[in-house]
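Each chain is listed here by its residues.
Number of protein chains: 2
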Amino acid sequence: MSINEKYKQIKDIGEFAFINRFESKFDQMIKDSDMGIGDDCAVVSINETQNHVITTDLLIEDIHFLKTEISPFELGYKSLAVNLSDIAAMGAKPLYSFLSIGIPTSTDIDYLDRFMEGYHKLSQKYNVPLMGGDTTKSPDKIVINVAVIGISEKENTHLRSMACSGDLVCVTDNLGDSAAGLNILLNKIEQTSVHKKLIKQHHLPEPNILEGMWLAKHKQVHAMMDISDGISSDLKHILKASQKSADIHLDKLPISNELNSIAKKENWNAQEIAASGGEDYKLLFTVDAEGFDKLNADFEKEFNKPLYLIGEINEGRSEISWFKNKQKLAISKMGFDHFS
Amino acid sequence: MSINEKYKQIKDIGEFAFINRFESKFDQMIKDSDMGIGDDCAVVSINETQNHVITTDLLIEDIHFLKTEISPFELGYKSLAVNLSDIAAMGAKPLYSFLSIGIPTSTDIDYLDRFMEGYHKLSQKYNVPLMGGDTTKSPDKIVINVAVIGISEKENTHLRSMACSGDLVCVTDNLGDSAAGLNILLNKIEQTSVHKKLIKQHHLPEPNILEGMWLAKHKQVHAMMDISDGISSDLKHILKASQKSADIHLDKLPISNELNSIAKKENWNAQEIAASGGEDYKLLFTVDAEGFDKLNADFEKEFNKPLYLIGEINEGRSEISWFKNKQKLAISKMGFDHFS
Numbered sequence: 035m036s037i038n039e040k041y042k043q044i045k046d047i048g049e050f051a052f053i054n055r056f057e058s059k060f061d062q063m064i065k066d067s068d069m070g071i072g073d074d075c076a077v078v079s080i081n082e083t084q085n086h087v088i089t090t091d092l093l094i095e096d097i098h099f100l101k102t103e104i105s106p107f108e109l110g111y112k113s114l115a116v117n118l119s120d121i122a123a124m125g126a127k128p129l130y131s132f133l134s135i136g137i138p139t140s141t142d143i144d145y146l147d148r149f150m151e152g153y154h155k156l157s158q159k160y161n162v163p164l165m166g167g168d169t170t171k172s173p174d175k176i177v178i179n180v181a182v183i184g185i186s187e188k189e190n191t192h193l194r195s196m197a198c199s200g201d202l203v204c205v206t207d208n209l210g211d212s213a214a215g216l217n218i219l220l221n222k223i224e225q226t227s228v229h230k231k232l233i234k235q236h237h238l239p240e241p242n243i244l245e246g247m248w249l250a251k252h253k254q255v256h257a258m259m260d261i262s263d264g265i266s267s268d269l270k271h272i273l274k275a276s277q278k279s280a281d282i283h284l285d286k287l288p289i290s291n292e293l294n295s296i297a298k299k300e301n302w303n304a305q306e307i308a309a310s311g312g313e314d315y316k317l318l319f320t321v322d323a324e325g326f327d328k329l330n331a332d333f334e335k336e337f338n339k340p341l342y343l344i345g346e347i348n349e350g351r352s353e354i355s356w357f358k359n360k361q362k363l364a365i366s367k368m369g370f371d372h373f374s
Numbered sequence: 035m036s037i038n039e040k041y042k043q044i045k046d047i048g049e050f051a052f053i054n055r056f057e058s059k060f061d062q063m064i065k066d067s068d069m070g071i072g073d074d075c076a077v078v079s080i081n082e083t084q085n086h087v088i089t090t091d092l093l094i095e096d097i098h099f100l101k102t103e104i105s106p107f108e109l110g111y112k113s114l115a116v117n118l119s120d121i122a123a124m125g126a127k128p129l130y131s132f133l134s135i136g137i138p139t140s141t142d143i144d145y146l147d148r149f150m151e152g153y154h155k156l157s158q159k160y161n162v163p164l165m166g167g168d169t170t171k172s173p174d175k176i177v178i179n180v181a182v183i184g185i186s187e188k189e190n191t192h193l194r195s196m197a198c199s200g201d202l203v204c205v206t207d208n209l210g211d212s213a214a215g216l217n218i219l220l221n222k223i224e225q226t227s228v229h230k231k232l233i234k235q236h237h238l239p240e241p242n243i244l245e246g247m248w249l250a251k252h253k254q255v256h257a258m259m260d261i262s263d264g265i266s267s268d269l270k271h272i273l274k275a276s277q278k279s280a281d282i283h284l285d286k287l288p289i290s291n292e293l294n295s296i297a298k299k300e301n302w303n304a305q306e307i308a309a310s311g312g313e314d315y316k317l318l319f320t321v322d323a324e325g326f327d328k329l330n331a332d333f334e335k336e337f338n339k340p341l342y343l344i345g346e347i348n349e350g351r352s353e354i355s356w357f358k359n360k361q362k363l364a365i366s367k368m369g370f371d372h373f374s
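As given, the protein sequences belong to chains Z and C, one line each in that order. Okay, so the first sequence: first residue is 35 according to the working numbering, each after it adds one. Okay, so the second sequence: first residue is 35 according to the working numbering, each after it adds one.
Treat the hints loosely; a few may be bogus.
Repeated chains share a single entry, so a pair holds when one copy, or any two copies, can fit it.
Each computed BS3-like pair below joins lysine-lysine, with the alpha-carbon atoms no more than 25 Å apart [to be verified]:
1. 286 <-> 155
2. 101 <-> 339
3. 101 <-> 171
4. 286 <-> 298
5. 298 <-> 251
6. 65 <-> 127
7. 159 <-> 65
Quick caveat, the hints were computed from the structure, so don't treat them as lab data. Just so it is clear, the structure is predicted and the values come from calculations on it, not from any experiment.
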């Protein structure tokens with residue numbers, strides 16, 4: 035090990051390179067029927083036909099949320115929502131949650147009661163009881179870790195690695211609203227009711243649990259994941275795991291009237307926000323091209339909203355080619371910078 | 035709600051009163067075959083004969099550990115060990131772990147590599163693969179949340195609520211070494227090899243996984259839990275859950291030669307440290323009086339060490355009566371202050 039290597043810090047190499055340093059040592063211990071690091075959830079076999087899927091997310095004050103911007107009710111709701119979204123990505127039914135919370139000693143009980151009310155509201159909606167956790171002191175920041183266990187049928191498992199050449203790339207809902215909401219908050223833009231709708235998407239995201247379970251049952255659906263970092267970043271995980279490339283059409287990204295209206299007013303590029311904005315918590319999936327029309331018609335019958343077709347999967351090496359009005363765009367391989 | 039009530043802070047009511055405020059709302063959602071908040075682990079039925087047991091623990095720098103005192107290898111090892119100890123308390127076999135870690139951006143990669151080496155060392159010992167987690171930035175403190183899933187036979191489940199009148203109270207190993215080790219560190223006492231042995235108990239606690247699985251198979255064993263806050267505090271959880279009282283004999287608490295020797299030198303009360311010191315991560319359990327001799331003989335044959343009998347369970351309301359040389363001591367109901 036060189037001296038330079040020795041003094042490297044985590045900021046120099048990032049999250050994924052750090053995980054790469056230890057992942058294989060643990061993978062050796064994992065049974066063939068199970069799956070560890072690398073998808074939205076870990077997958078463990080519980081009987082011949084079913085898996086448990088498990089996810090966990092850590093949220094730290096001033097990194098993932100600002101106490102001044104999000105209400106305690108919303109924070110409790112969102113802490114569970116981001117985990118339920120990972121369960122949705124596996125097409126699984128959420129069963130149980132576990133909450134660890136680090137609390138500065140001066141935190142008001144009233145604040146904590148409202149946090150738990152938000153957490154309970156979403157727990158109740160999907161009948162996912164809080165089964166345990168840990169409550170402890172924190173020096174100054176609120177620290178929240180939620181873990182959720184779900185159950186899925188083995189035959190309905192849709193991994194990031196399952197995309198095929200010729201598949202269509204789809205999403206379940208509008209993109210970019212959450213990122214626009216965050217941008218409104220960070221830039222302290224005066225809020226009309228339209229702005230507030232976007233902020234609501236940021237603070238109270240609705241995990242696509244029912245959509246995920248429904249899609250998972252359909253054999254036309256191949257790879258599936260949830261959109262947490264924006265499709266420009268998340269789709270690359272599918273492409274890498276499946277060893278494929280994709281063409282994505284910016285002009286086909288579903289964008290809400292609210293985002294279009296505020297983007298026009300604030301001179302934002304709504305398509306870029308939809309492509310690169312994080313925390314949408316909708317589903318991104320690939321589907322056999324021949325099966326799409328039937329899937330879309332059945333989905334619309336079930337959920338009273340359509341699926342959105344945004345591109346195609348091709349042979350190639352983990353890259354996204356971006357198109358606008360059928361013209362290929364010269365965008366760097368690194369993806370967009372947020373709001374650049 | 036009065037104004038006084040409204041402005042109460044978490045420090046005024048503490049962890050358990052906070053949990054009481056929301057526990058029942060979630061309990062209503064839990065299936066009869068499952069068990070939520072209130073034991074070392076949550077218990078969920080996976081088939082007719084087996085349960086999954088799940089535990090999670092949150093460790094925050096400067097609250098649970100000082101970066102200057104514990105090496106990264108030890109911190110990684112201990113982060114998993116404290117969770118495996120909860121699995122041991124259920125008599126379960128650990129299956130999988132999940133690690134969420136919040137890391138200040140200036141943290142050395144070398145520090146993190148050594149943290150993961152410690153975590154891996156214990157994972158390998160009990161063949162518990164790390165299956166997933168979350169890696170994220172933290173503003174300034176290291177934040178670690180570990181969750182572990184284990185498996186147990188339904189017929190071998192030993193809850194805190196299973197203590198019976200007439201049971202003997204036992205522990206699986208020496209008490210107080212970890213607390214003495216912490217005291218040596220906090221008081222910056224010069225370290226001989228004897229001091230270092232106590233510090234090792236604090237930094238590299240050995241979860242009693244094999245002992246827990248073995249004890250769980252024996253019908254003489256009734257209630258069981260792990261010792262994380264000291265028996266003066268932990269035993270009360272068994273007494274409360276079982277609606278019983280206990281007599282505990284200070285002079286029967288197993289104390290290591292190392293603790294006796296340092297206590298003499300530093301003028302500490304070794305028995306009080308053994309009764310009230312935290313983080314031993316040994317097992318505390320109650321056993322049918324008639325079955326004890328056979329259990330103890332078999333345990334010694336299996337593990338080459340004895341069980342330690344420290345008291346008895348009686349009818350009564352969740353109180354511990356302390357004895358020394360058969361004389362009842364006049365100690366307040368609140369238990370000991372650590373090192374008072």
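Taking the hints in turn, this is what the structure says about them:
no.	hint	in the structure
1	286 <-> 155	neither (34 Å within a copy, 50 Å between copies)
2	101 <-> 339	neither (34 Å within a copy, 52 Å between copies)
3	101 <-> 171	both (17 Å within a copy, 17 Å between copies)
4	286 <-> 298	within (18 Å within a copy, 78 Å between copies)
5	298 <-> 251	neither (40 Å within a copy, 69 Å between copies)
6	65 <-> 127	both (23 Å within a copy, 15 Å between copies)
7	159 <-> 65	between (34 Å within a copy, 16 Å between copies)
Hint compliance for this structure: hints 1, 2, 5 are not met, and every other hint is.
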